[in-house]
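2 protein chains.
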Amino acid sequence: MIQRFTNNPIITPEQVKPSRPDFEVMCAFNAGATRHTGKVVLLVRVAERPIKRDGYVATALMNADTKRIEPLYIKLDDPDLKQDDPRLFTYKGVNYLTSISHLRVAESSDGRHFTTADQPSLLPESQYESYGIEDPRITLIGGDYYINYSAISPLGVVTSLARTKDFQTYERLGVIFGPDNKDIAIFPEKINGRYYAFHRPSMKHLGSPSMWLASSENLLDWGHHEFVIGPRPGMWDGERVGCGAAPIRTSQGWLELYHASDPNTRYCTGAVLLDLDEPWKVIARSGQPFFCPEAVYETTGLMPNVVFHNGLVDNGDGSLTLFYGAADDKTCGATVRVDEILASLK
Amino acid sequence: MIQRFTNNPIITPEQVKPSRPDFEVMCAFNAGATRHTGKVVLLVRVAERPIKRDGYVATALMNADTKRIEPLYIKLDDPDLKQDDPRLFTYKGVNYLTSISHLRVAESSDGRHFTTADQPSLLPESQYESYGIEDPRITLIGGDYYINYSAISPLGVVTSLARTKDFQTYERLGVIFGPDNKDIAIFPEKINGRYYAFHRPSMKHLGSPSMWLASSENLLDWGHHEFVIGPRPGMWDGERVGCGAAPIRTSQGWLELYHASDPNTRYCTGAVLLDLDEPWKVIARSGQPFFCPEAVYETTGLMPNVVFHNGLVDNGDGSLTLFYGAADDKTCGATVRVDEILASLK
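Those protein sequences? They're chains A and B, same order as listed. Residues 13 to 358 in this note's numbering are what the first sequence lists, from first letter to last. Residues 13 to 358 in this note's numbering are what the second sequence lists, from first letter to last.
Since the hints were derived computationally from the structure, they do not count as laboratory data. Note that the Cβ used here is the ideal one computed from N, Cα and C, for glycine as well. Treat each hint with caution, since some may be false.
[As the list claims (entries may be wrong)] Taking lysine-lysine pairs in the DSS-like style, the calculated list, with each CA pair at most 27 Å apart, reads: (1) B:LYS177 to A:LYS216; (2) A:LYS51 to A:LYS94; (3) B:LYS104 to A:LYS216; (4) B:LYS79 to B:LYS177; (5) A:LYS64 to A:LYS87; (6) A:LYS104 to A:LYS202; (7) B:LYS202 to A:LYS104; (8) A:LYS87 to A:LYS104; (9) B:LYS177 to B:LYS104; (10) B:LYS64 to B:LYS104; (11) A:LYS104 to A:LYS79; (12) A:LYS293 to B:LYS79; (13) A:LYS94 to B:LYS216; (14) A:LYS51 to A:LYS202; (15) B:LYS202 to B:LYS216; (16) B:LYS51 to A:LYS216; (17) B:LYS104 to A:LYS79; (18) B:LYS216 to B:LYS94; (19) A:LYS202 to A:LYS94; (20) B:LYS51 to B:LYS79; (21) B:LYS51 to B:LYS177.
[What the hints assert, rightly or not] So these bits of chain A aren't anywhere near chain B, every CB distance computed over 12 Å: (22) PHE17; (23) ASP130; (24) VAL308; (25) TYR309.
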C-alpha cells in the first residue's frame, strides 16, 4: 500500500549546513509539509549540537535572557552524568537533551527533490523553548500558514503556534497547549463554527498517551476536550498513539493517519476515520498498520525502527504524500492512495 | 498567623449521610467555598466506598453507559491485587481509586457551624468522571457560580466546569483542561479583557508539578499558557505546588494562597503575590509556609500531615477564612489576616 520515494532519504543531516561553524547537524527529520506558490515546502526539524570533543558529551541551551544558544560540554567520566538514551542525559539531577532543534525550510518543485535553506527559519527564543523547538505541523487556513510545534524546556513540553504567509517572516502566537502536550494537528477547516485540533497529552498518573480533540474559536484558546483513541495493549499501537499531520476530509469522514509505538519503541503508521460533524466519534480504525519501518534507512539511525510523519500533502489525484522522519535522523517521502486506506479500515 | 476554628473539624465523614444504603463515607474534605444569600456555602468532596467486607478491598465505578455507580469487590489475597497507597490500588494492571467522590452542599449562617445536605449535589456522570469528581473551586462571576472540579477516569485526570445560580440546579460545561491537569482556580474578574485561571499540569517527562496560568475569552477555551511558580528543591515547597482557591485582589497585587508538598508528602500553605496586570509575574513569595499540619486532626487521618485548601472566603474585615481538608478526610476552617501575609512575603 505504501510507495516509498526511490530517492529516499530526501534530506540527510550531512546535506544540511549547521547554523554556526562550531555546531554539527545530528538529525534533519520530522518535517511539517504544505504547498506554497507551486512548490512543496517542508519545515524540517534540524537537531544540532556543538562539534563533538573526545571524552565529552555535548549539547546546547538557549539562554532565554540573552536569546543566545550556548554550548555545554560535560566530561564523560563525570560521576554526575547519567545517560541511557541517545536523545537525552541527566547531569546533577537535571534532564537535558543531547541536541537543540530549530526549524528550517526546504523546497521542491517536483515534490521529491528538495533544496534545504542555509539558515534557520524559526529558532528557539522564549523560556519555553530553551531546549529547542521540534516536530512542526502546518495547516493552511484563510491564506495563513499556521505552524504548531513542540517547545521544550526544563519547564516541560508544550505546544506553541506561529503564523506565516510566505515562509520568510513568522509571527509567534504563544503557547496553545500547556505541558505535557505534543503531537498537535489543527484541522484545515471549521466544523460547525469551531476550529478543531488533535492533541496528545502524556499522563503522569492515570491514562496512557492518547489522541484527544479540542476545539477553538480563534486558534489560540482551546477547550471542549474529548478523548478520541488510545493505545490498544497487545496490538501494533499498544504503547502510545499520536496524530500525524492535519486530517483529510473524505466523503466517509475525517481520515487521520496516525503514528503509534509498541512496547519496543517501534513506530508504525495506521489510520482512523472520524465522524465529519463530531470528529471525536470513531467510525473505523486500522487493525494493522499500513506502514512500518523496513527500509535500511528506517531500521538504522539514531532511533532504529521509527517511521514518524508530521508532514502530509494531498496530491489531488487520490494519493497523499507522507513526509516522515526515518529512524529519528533523516527525512523521507512515501505515497499512499486514500481509497486503499479507507478499504483497509475496520 | 493562622487561627484554626475552635470547633474543628467542622465536617467529619461520620456526620455525612452516605448517598445509598450499601455505601459508607470515607472522607468529607477539600471543599470549595463561597457566599450565597447571606450564608457560607461549601461544596464538599464526599468520598464513598461500598461497605467494607472482611477479606476484600472495595471501590465503586460509575458506568458511563448506564450512569450507574457499581460496586467492585476484590479479594485481598487475589494475586492480581497490588496496593501500597491508601488512596489507590492496581488490579490486573489497571489502576483504581479506593473510593468514588461526589460533591455535596454544606451551609452555615455563621461561617463556622455547617449543615451538610443528605443528598449529593453533583455526581459523576460522564466518561471522564467514572472514578469520581473531586476538589471543587468556586468563583462568582456576573451572578453565576462557576465550579471547576477534577474529573477522574482511566482516561486521565482532567478538569471540568459547571455553573449554578442557586446550588440547586447545575449546568455542566465540559472539560476545560485536558489531562494531566488539576488544581485550577478561576480569577474573580477579567484582566485587560480576559479571564485568567491557575492550572497545575503534572508532567511525565521534563518539568515538575508547577503552577501555570492560562487566559480565556469565554471561560471554556483556554490559551496563552504561562509558567508562574514551580517547586523549590530543598525548601518547604520542594516537591510540588498548586493553587488554593481563586486569588484575592490587593493593592499590592493578586494574593494567592497555595499548597505545596515536600518530598515526604507533607502539605503546607504559603502565599505568592502576582502583578495585577500581568499575573504570571511574581512580585513576592513565602520563604516559609504560614500554615502547616500541627493539630491532631491534621497529623492523623487517611493521609497524615496534609492541610489542603480549595475553599476561601473573604470576610471583608481584612481577614480570610480558609476551608481546608485535614489529613485528606475531614473539613476544617481557619482564618488569616491579609496584611500579616503580605508583610511576611519576600
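Structure versus earlier hints - violations, ascending order: 1, 2, 6, 7, 9, 15, 16, 17, 19, 20
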